[in-house]
Amino acid sequence: MRYSDLGIGALLLFFSLLAPGFLNNYQLSFLLQVLMMVTLAQSWNLISGMTGYISFGHGVFFGVGAYTGALLLMGGAFWWVAILSAALLAAALALPLGLLTLRLRGPYFAIAMLGLNEVGRILANLWVDLTGGGDGIALSPLLSPVLATNYFSMLALAVLATLGMGWILRSRFGLELRAIREDEEAAEMLGIDTIRNKLIAFTASALLPGAAGAIYAFYTSFIDPSSVFLPALNVQMIVVVLLGGRGTLWGPVLGAVLLMSVQELTWAEFPALHLALLGLLMILLVLYLPDGLLGAWKRIGSRYG
Amino acid sequence: MLWESSVLLQLALSGLLAGALYALLACGLNLVFGVMGVINLAHGELMIAGAFLSWLAYRYIDLHPLVVLPLVMGLLYGFGVLLQRWLIERLTGRDELTSLLVTYGLSILLMNLGLLLFSADFRSVPVLQGGFYLSSLDLVISKPRAVAGAISLALTLGIFGFLRYHRMGKAIRAVSEQPEVAMICGIDVAKVRQMTFGIAAAMAGAAGVLLSILYSFSPETGGEFLLKCFAVLVIGGMGNFLGALLGGLLLGLVEAFVGGFFNVQWAEAVAYLLLVLVLLLRPGGLLGQRHAVF
Amino acid sequence: MAEPSILEIQGLRRDFGGVQALGGVDLQVRRGKITGLIGPNGSGKTTLFQAVSGMDREATGRIYFDGHSILGLRPSRIVALGLGRTFQLSRVLPGLTVLENLLVASRPDDSEAEDRAHNLLRQVHLERQVHVLGKALSYGQQKLVEFLRVLMRSPKLILLDEPAAGVNPTLRRTLWELVRQLQEQGTSLMLIEHHMEVIADLCDEVYVLNEGRIIARGTFSEVREDPQVFAAYFGHRNRTAS
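As you go down the protein sequences, you meet chains A, B and C in turn. Take 20 as the starting number for the first sequence in the working numbering and just add one per residue. Take 12 as the starting number for the second sequence in the working numbering and just add one per residue. Take 1207 as the starting number for the third sequence in the working numbering and just add one per residue.
Next up, chain A with everything else stripped away, as it sits in the complex (with noise of 0.2 Å):
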């Protein structure tokens, strides 16, 4: 990572830490939710950004993370250990999910992922001896980790995944997803396995959404299939990476930043105007503004620098 955007981060995290000491309850939920977004959206940014494969249905590892986290915190089980266990569950799955559509080139995966967050939807509503249906799992608050466990458990999610972002920029592996955005044939003529590095980003893109889950689950103590395969969450996290920037570092920090802040105060209780304001502004984004709001910083200060 380069010293500026070691200085950047630094001085995020100074001012996150802190901020339990001074925000009322409610400010520090809504940071803990712009932290859950910069975590979704940084793992969204390791599959789609780099790589250039869409994922329409990332948010359906937040879903199968949020219940197992309330399953096994539930169940008994250390919280810290409950969040691995998602994360790692969300990663499993996607395993054999990458296995099956990454051997195939072009729209097939992004067709593949299209209805998965429906899927889950459907599936924790069907599995009414697991995850309650439709009557949801309400956690005891005797469980549950306080907020600010919670606050600083998802402020772990999101440095983690920025520095793994920072790493794999700087990395000859990021440097490989790069050639398989670019010219995936090219890439693999000049001996990159392409299928094991797509495999490998798309399992490790749904480990953190599993934790981001589990966490949110706590935070929230009830979830039920509608509010953890959210559609809304599931359209954000890309929304945020293309406002921001694709496959930069500061990307989905900067535009997760925004876009909560923004929707916060205008739309965010409207579910059907918010989405449709979000669909509305994807395709303004990727016509007007397709490097995002990095992309246009950047080329402006070329312009006049």
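Hints are computed from structural coordinates only; laboratory data are not their basis. Please read these numbers as outputs of a predicted model, since none were measured by experiment. Be aware that a few hints might be false.
Stated by the list, open to error - Derived DMTMM-like pairs (lysine to aspartate or glutamate); straight-line CA-CA distance at most 20 Å:
#1 C:1239 to C:1368
#2 C:1362 to C:1333
#3 C:1239 to C:1272
#4 C:1239 to C:1403
#5 B:202 to B:279
#6 C:1341 to A:310
#7 C:1341 to A:288
#8 C:1341 to B:106
#9 C:1341 to A:202
#10 C:1341 to C:1383
#11 C:1362 to C:1209
#12 C:1362 to C:1316
For this one, chain A is given, so just place chains B and C on it according to the hints.
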């Protein structure tokens, strides 16, 4: 008694009729993919737009869906042309992932506008009741199913004929196969693309009207049908019009038999299972020569 | 020393929906030699490269590379065995810098990759373009970078598909110098090329492909005299006779 020939025939016939609707929808999706290389993830929402137009006409001005069918097709044709001119045309020459993101955004936008306007309640247009009794075969076919299936099939075949034999249809095929050559030959490529998207949208709109007399629907129904369309396309071959027709009929047939022998919930899962199965067994050659497959 | 040929192709066939692109090709590339592959457009030269490099795994027959049977292996596996290949049309990774284009093609355990990349770029006078994006290069420079990329792993055999097409004469000379240097260092090469003076100049052995079959094999002067080759290039003899 499930194995009685009349039951089998009954299942086969109603399966084919249901499949004809999938075929109509999938052929439109496939047309856009074949000509523009764009996978229109908002195709299901175009269908739902047709269904709601049919519902509005029935509810407020008491018009029969079969009367509004040509009107809806015209309206959606126009909407499709505008979408192509303002939105999809900007995607030509950019990678297919960009077009996926844009049509995904469009799908979310349209679906949620639908929810804002009509809420998530299920609607239906119960105009046709009862069934036709085919005495020679000792079969009863429900009227909505027979009418919707027959019209779907007729429309699909009609458009296939248009593409194959009409001058404009030939222009569409030229643009699909050799856009540069088509341009040199004086074909207005942008116009042809608009027409293509318009036809696909009109097909989706027609499918929506027919859907409205068959099933109950909500703004969220489109996504379900889109996934079924993908199963159809993967079975029949992407970009291949007749393949999509046969794939649609096949999906309807399999769903009917699974529904008849097991239960209806399993029938709903058939499309996904077929999709997975084909991806596992025939990963190569599905997209034809358009894409190399590793 | 292992077998005298580094690449051995036996009975290679490939159909595209009933159209026969390769109809049973037998061919050997000898170690340390430059083998030319010529033939009219559409004779199956690139199809052959596609099959050997693993990009197209639908062909049937046998392909042995350095003692390994490679038909059906993915390109990355074949590259790991020591084969390198360039494309007819430049496939430089457009969004990566020149240096990144070279580094991504190096062996993962190569600790001197960066030095090697800089040295190669200096050799072809591209050292000032190190941090330029692939898409910002001229077409000729792109073809050159694509060639250098292949050299990053020091492959045993390099397949070159018209490496000089679209390259200006100065860069072209650099390119052929590089090819000769490689051969002197013991690398085997196989070359598709339309300029016969290049083939005459560089190749130790030439194969002539026509309609998916090898119609002649030998030194360039032997092949040039072959009436079948003349017919393949200038029209069918029996047709002109009738």
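Hint-by-hint comparison with the structure:
no., hint, in the structure
1, C:1239 to C:1368, "holds, 18 Å"
2, C:1362 to C:1333, "violated, 25 Å"
3, C:1239 to C:1272, "holds, 14 Å"
4, C:1239 to C:1403, "holds, 17 Å"
5, B:202 to B:279, "violated, 39 Å"
6, C:1341 to A:310, "holds, 17 Å"
7, C:1341 to A:288, "violated, 45 Å"
8, C:1341 to B:106, "holds, 16 Å"
9, C:1341 to A:202, "holds, 12 Å"
10, C:1341 to C:1383, "violated, 25 Å"
11, C:1362 to C:1209, "holds, 14 Å"
12, C:1362 to C:1316, "holds, 17 Å"
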